[in-house]
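There are 2 protein chains.
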Amino acid sequence: MAKESKEGITVKKNENLSEWYNQVVQKAELADYSAVKGCMVIRPHGYAIWEKIQEYFNQVLKINNVKNAYFPLFIPESFFKKEAEHAEGFSPEVAWIENKDKDTKERLAVRPTSETVMYDSYSRWIRSWRDLPFKINQWANVVRWETKATKLFLRTREFLWQEGHCVYATEEECDKETQLWIEEYRKLSEDLLATPVLVGKKTDTEKFSGADYTLTIESIMPDGKALQAGTSHNLGQSFAKSFGISFLDENSKKQTPWQNSWGVSTRLIGGLVMLHGDDKGLVLPPRIAPIQGAIVPIFFEKTKKETLNEAKKIYNTLIKNFDIELDDREYQSAGWRFSDWELKGVPIRIELGPKDIEKQQAVLVRRDTGKKEFVKLKDVPKRFEELLEEIQDNLLNNAKEQMKSQITDVNNQKELAKAIKENKVVRMNFCGTRECEEKIKEDTSATSRCIIKKSKGNCANCSGEAKEQIYFSKSY
Amino acid sequence: MAKESKEGITVKKNENLSEWYNQVVQKAELADYSAVKGCMVIRPHGYAIWEKIQEYFNQVLKINNVKNAYFPLFIPESFFKKEAEHAEGFSPEVAWIENKDKDTKERLAVRPTSETVMYDSYSRWIRSWRDLPFKINQWANVVRWETKATKLFLRTREFLWQEGHCVYATEEECDKETQLWIEEYRKLSEDLLATPVLVGKKTDTEKFSGADYTLTIESIMPDGKALQAGTSHNLGQSFAKSFGISFLDENSKKQTPWQNSWGVSTRLIGGLVMLHGDDKGLVLPPRIAPIQGAIVPIFFEKTKKETLNEAKKIYNTLIKNFDIELDDREYQSAGWRFSDWELKGVPIRIELGPKDIEKQQAVLVRRDTGKKEFVKLKDVPKRFEELLEEIQDNLLNNAKEQMKSQITDVNNQKELAKAIKENKVVRMNFCGTRECEEKIKEDTSATSRCIIKKSKGNCANCSGEAKEQIYFSKSY
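Heads up: the protein sequence lines correspond to chains C and Z, in order.
The opening position of the first sequence corresponds to residue 1 in the numbering used here, with each subsequent residue numbered one higher.
The opening position of the second sequence corresponds to residue 1 in the numbering used here, with each subsequent residue numbered one higher.
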C-alpha cells in the first residue's frame, strides 16, 4: 500500500513568521487560498474553530438578551450615503453589484457592515420606550475590497463575523453596554482563546466611521505587531437621526435613542494561530480545539487487533465528555500520525502500544510542552481532563508573559523610534492631536492602538501637553 | 399608561391565502420586507426557527461524517462557464459584481449555488482513494435574481441555505447517498416540521442544471400548489471532468470520481407557516417552536404579586427542559397577551389567575385545537410534555390527511384539466416526453413535480405509451 507523504512546516516561526503562518494555516488545513482573488476557503478544521466561537458567544448573547436575526446582503447606495462620515470611511472598500432591475440605476453595495440596512428596518420597528433596549445580532459574511496582499484569516476580501446592533433609551445605558461588549470580547479572547489583549479607546483617527467613539481589544503577535481583534462602537445618536429612529417615552414624547454596534470576526482565528503555534505547527488551546485529544494506537502485526480494541475502550470513555479522534490509519506509521496531530494542534495525544497495554497504561503527550506522561488506563479520563486545564492555563500565562515583555514605556521621540524599530509596543503619554498621531505614523510606521487612560505630563513625541496614556505599535 | 394596539390577522386563511400568509409572516414577526428590492429581513422569531433547523441538521451531518466549511461568496465567470449546462441554467438569475481590480475585467458572480467554486478547491485537495468519500457542507447565503413578485421565505433574491457537496469513488455509492439525503430531508420535514412530502425524481426538464438526475421533496400547500422543499442532485462525473477532480485508486490508477449535491433553505419556514397556520396566526409544531410554552399570569391589583410568584415557580420548573417565556407585561390585558402568543404560534399557553391558584391549578391551552385543560400545578410539567407530543402528532396527522385529500388520480386530458383547475395534485401515467410535459404546462399551468415509479399503460395526457407514474400540480 502506498504511504502518503506529508511535509511538515519547513520554516522556523522565529525566522520567518509570515511564511511560517501561511504554512501552518494551509498545512493544518484551517484555510486555503481560493482562485477567487483575495478570498479564502475556510476548511473544516478552521470552520470548526469558528463554530466553537459561535457556540460560546451565542451563550453570551442569550444571557444579555440579544436575539439573532439576518439582514440583506445588499445595501442600496442611497442608504449608504445617509450617514456622511460612515459612507466616506467605507466607500473605498465597497464592492458594488450591477443592478439588474430595469426601473432603477441605483447601485447596490455588498455589505461591508450593516448599520445602514439594519437601522432602516429599526426605524419601522421601534415605536415605544417599551421596545427598548432593542438588541439584535447577526452572524454573516461581509466584503471589504482589500487591495493589500491577502493573508488568510487576517486580511481577506470576504470574512465571517458577528455584528451586534443595539438601541437604548438613554446615553448612560448605551455607554455602559458599549463597555460591556468590549469586556465580553476580552473574556472571549482570554478565557476561550488564551489570548491576552490590550483594551482601550481608539483615537478619533482610528475610530469607526460614524461612531462617537470606538473601544477595541488588541492582541500582540510574536513580531510585536498589534492585531485589532474586536471592536465596540458607541454610535451616539447620529445614525438614529439619519435613519429616523425615534421612540415615544413614558410621557408620550418623541425621543431620539442611542445606539452601539460591536463585532468580532474570523480574524480571531488568525491571531490564535500566530500567537500559540510553534515549529511543529498549530497549537490549540483546549477550550477552542475542535479535537481535544487524538488516540494513536501503535500497530504491530501480531497485536494489532488487541491494541485497537484497547484504544477503542479509551475512545468510548473519553468521547462522553470530550472531542476525541481515534486514529486507526493502519497504513500510516505511528510517527507520521504523531506529527499529523501535532501539525493540527490537538492539545493531547494519547499513544498506546502493546507494551503500554501490558503495563495497563497509556502515554499522554502534551502539545504545548511536548511533555510525556505514563498514566494508568483507569486514570486516563481524570488525568486527561486535568491536563486540558493545565494546557489552557499554560498557554494563557505564556502569552501574558510574552505580551508583557513586548510592551515598553517611552518618554521621548528617540526612545519611541528605537522601541518601534525593535518591534515593541510602546506605552506613552500622548497629546492626543491628529497631527502628532500622523507624524508618529510617518516617522515610525506605528499607529495608535488604544488609549489606556487620562494622563498628565508631556507627549513623548511632540513634548506638548499630554492628555492621555496610549499604546502605539505596528499592526496587522 | 398607554396600551399598545395590536392588530391580528385581518383576512381568513381560506379566503385569501396569499394575503393571509403575508400578514402572518409579518405580524408574527418572522420576517419583513426590506427597502432592498426582492430581499427580506429574517427577524429573531423567524431566525430562531432557522437555528432549530440548523441544530437538527448539524446532528444529521455529524452522524453521516459530513464536515462544515465555508467557501467564497464570489465566483469568477470563467468557473461558472466550465460546466455548460450549469452555466446556461443559472445565468439569467446571476447577480454580478463590478470587479474593482484593475488587472482583470473578469466579472464575479454572487454565488447562486457553489458547485463550481467548491469543486475548484476539491480538485487540489483530493488525491487518493483514501480521501474518499469526501463530504463537505456549508451554511450560506445565496443570491438568485428573481424577477417575479417577492414572497417572504418563498421567493426572495437572497436566501439562507445549506449545500452539501460530496465526492465518491463509485457510482453506486454516489447513487445510494443521493437517495440517503433526500430521505434525510423527508425525515427533517415530517419529524421536525410536521410537514408530509411527496418524494420522487424530477423530470429532465425540471432537474438541476448540470445534474444526471435530481430527487426532490415537495410539500403541498392548502391551495394545492406544490412547494419544492429540498433537492438532492446526482451530478455524475460531469463536474469532476470539468474541474479536473481525480483520484488514484488502490492500484495507483487515475480515476474520475462521482459527485452529488443537496440542499434545503429558509423556504422550509415559508412552507411551515402556510401549512399549519390558522386565522389567529402562526401555528408552530412543538419540535421547531423557538418558544414552546408561554406562561401568562392574569393580574388583578390585589393578587398581582402572588400570581407572578406562582407563575415564576412554573417557569423555573419548565425552563429546565423546555423553551418557555414568562409574559409579565402588566401593562397589557390578559386577552391581548393571549392573542399575542396565538399570533406567534406558541404551542401551549399556560394561564394562571388568582382563582386557579386557589385551586392549585393552571390552565393549559393548546394552540392547534384551542382546547383548554385544567391541570393541577404539580402535574403541569408532565402534562406539558405530553401535550407537546400530542400537538406534534396532531399537526402531522392533519397535514397528512389534507395532503391525501389533495391528490387525485387522473386517466385522461379532461380529468387532468379539471383536477388542476380544482387545485388538485394529479397522480397519473406519463409518457415521459419533454413535448408532452410542455403541453401540460401550456394547457393547465401545472408542472411536473416528481416521478413516483416506473409504470405501464397510456399517458393520461397524450395517450402515448406510459413510462412512469408522476405528480403534476401548480407550484410555488
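One thing to keep in mind: the hints can contain errors.
Copies of the same chain are indistinguishable here, so a pair counts whether it falls within one copy or spans any two.
Think about it this way: if two alpha-carbon atoms lie no more than 25 Å apart in a straight line, the pair counts; the simulated SDA-like pairs of lysine to any residue are [what the hints assert, rightly or not]:
id	residue 1	residue 2
1	K67	N141
2	K27	W139
3	K62	N309
4	K67	L160
5	K372	L160
To be clear, the hints were calculated from the coordinates, so they are not data collected in a lab.
From a predicted model like this one, the values you see are computed outputs, not experimental measurements.
Worksheet entry | Hints violated by the structure (listed by number, smallest first) | 5
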